[in-house]
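Colleague: Sequence:
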Amino acid sequence: MLGLAVEFADSFHLNNPGGVDAGVDVRVSPVDGGVTAARGMQASGVFAGVRKMKNDIAVVYSEIPAVGAGVYTTNRVKAAPVLVCMDHVGAGVIQAIAVVSGNANACTGEQGLEDGYAITEALGRELGIDPATVAYASTGVIGVRLPMDRVIPGIMNAARQLAPDGGHAAADAIMTTDTFAKECAVRVEIGGKEVTIGGMAKGSGMIHPNMATMLCFVTTDAAIEQPLLDTALKDVTERTFNCITVDGDTSTNDMVIAMANGLAGNDLIRDFGEDYARFAAALEFVCTDLAKKIARDGEGATKLIEV
1 MLGLAVEFAD SFHLNNPGGV DAGVDVRVSP VDGGVTAARG MQASGVFAGV RKMKNDIAVV
61 YSEIPAVGAG VYTTNRVKAA PVLVCMDHVG AGVIQAIAVV SGNANACTGE QGLEDGYAIT
121 EALGRELGID PATVAYASTG VIGVRLPMDR VIPGIMNAAR QLAPDGGHAA ADAIMTTDTF
181 AKECAVRVEI GGKEVTIGGM AKGSGMIHPN MATMLCFVTT DAAIEQPLLD TALKDVTERT
241 FNCITVDGDT STNDMVIAMA NGLAGNDLIR DFGEDYARFA AALEFVCTDL AKKIARDGEG
301 ATKLIEV
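Counting from 1, one number per residue, gives the positions in the sequence shown under the numbering used here.
Just so you know, not all the hints are guaranteed correct.
To be verified - Calculated cross-link-like contacts (lysine-lysine; reagent style DSSO-like; alpha-carbon spacing at most 27 angstroms):
1. K234 <-> K52
2. K234 <-> K292
3. K234 <-> K54
4. K193 <-> K78
5. K234 <-> K193
To be clear, the hints were calculated from the coordinates, so they are not data collected in a lab.
With these hints in hand, go ahead and build the complete structure from the sequences.
Modeller: Take a look at the structure:
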């Protein structure tokens with residue numbers, strides 16, 4: 001059964017996952033940690049002054065390069081962060097994600113795109129990794145250039161504050177009008193190995209099918225080929241985040257990014273077999289939980305309706 005909240009269930013049944021012509025019973029165990037629950041993942045959240053009163057820069061980092069996948073807004077106008085991610089994540093390997101809260105860097109023209117790449121350069125340099133393996137996301141006010149004199153020092157500070165238990169700080173830092181941090185993480189057995197999948201999300205207003213003003217970042221220590229991670233993320237996004245609505249608006253900045261570093265030590269998932277089905281089931285569990293939290297926290301929402 002799909003769509004059970006983590007707090008109410010620790011197992012569910014997924015039929016025909018990712019095109020597999022078989023049902024797979026999958027038991028998942030909820031764990032703490034969000035995006036840092038998986039092996040080799042670190043995160044941080046810091047104050048840079050983009051917003052006046054709260055932390056506004058988050059960084060997520062994998063100790064080794066990870067395969068990456070992304071799903072992006074359907075809006076024909078795509079903000080600079082989306083274009084940067086389509087370029088970097090689209091190459092298939094990422095190692096870090098930078099998130100700015102308080103400024104969307106949308107409708108900012110060529111300068112906004114240059115600023116986006118400057119963020120990936122700064123974080124890559126600070127971490128000693130290839131800037132092309134850095135993803136970048138932004139959320140907040142539209143049509144205003146990023147305050148780069150605050151953002152770049154904030155990004156560098158966040159890199160220095162990375163910690164294996166920094167998942168909650170990162171989830172808190174990406175919030176805008178959200179009233180609570182949205183996190184989820186589970187463990188699942190794949191090929192005799194314990195695999196962890198964790199995630200964080202934000203988005204309170206302007207939520208509508210096909211992703212509107214929402215960001216989600218998923219980390220896992222599963223070993224999986226990039227095309228299969230890409231397929232799983234697209235399929236799961238279609239059945240979770242693309243099924244929620246708050247006020248009917250569609251944004252320029254939305255994205256779901258996943259990174260898998262393989263440190264769980266499971267046999268590499270190469271085809272749509274049982275291991276893939278188990279991975280996709282656990283991924284769907286995490287994304288369903290996060291999608292429900294987004295809908296429940298919609299601006300002015302007093303009811304959550306499930307169909």
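Colleague: Please flag the earlier hints that this structure goes against, numbers listed from lowest up.
Modeller: Checked against the structure, the hints that fail are numbers 1, 3 and 4, while the rest are satisfied.
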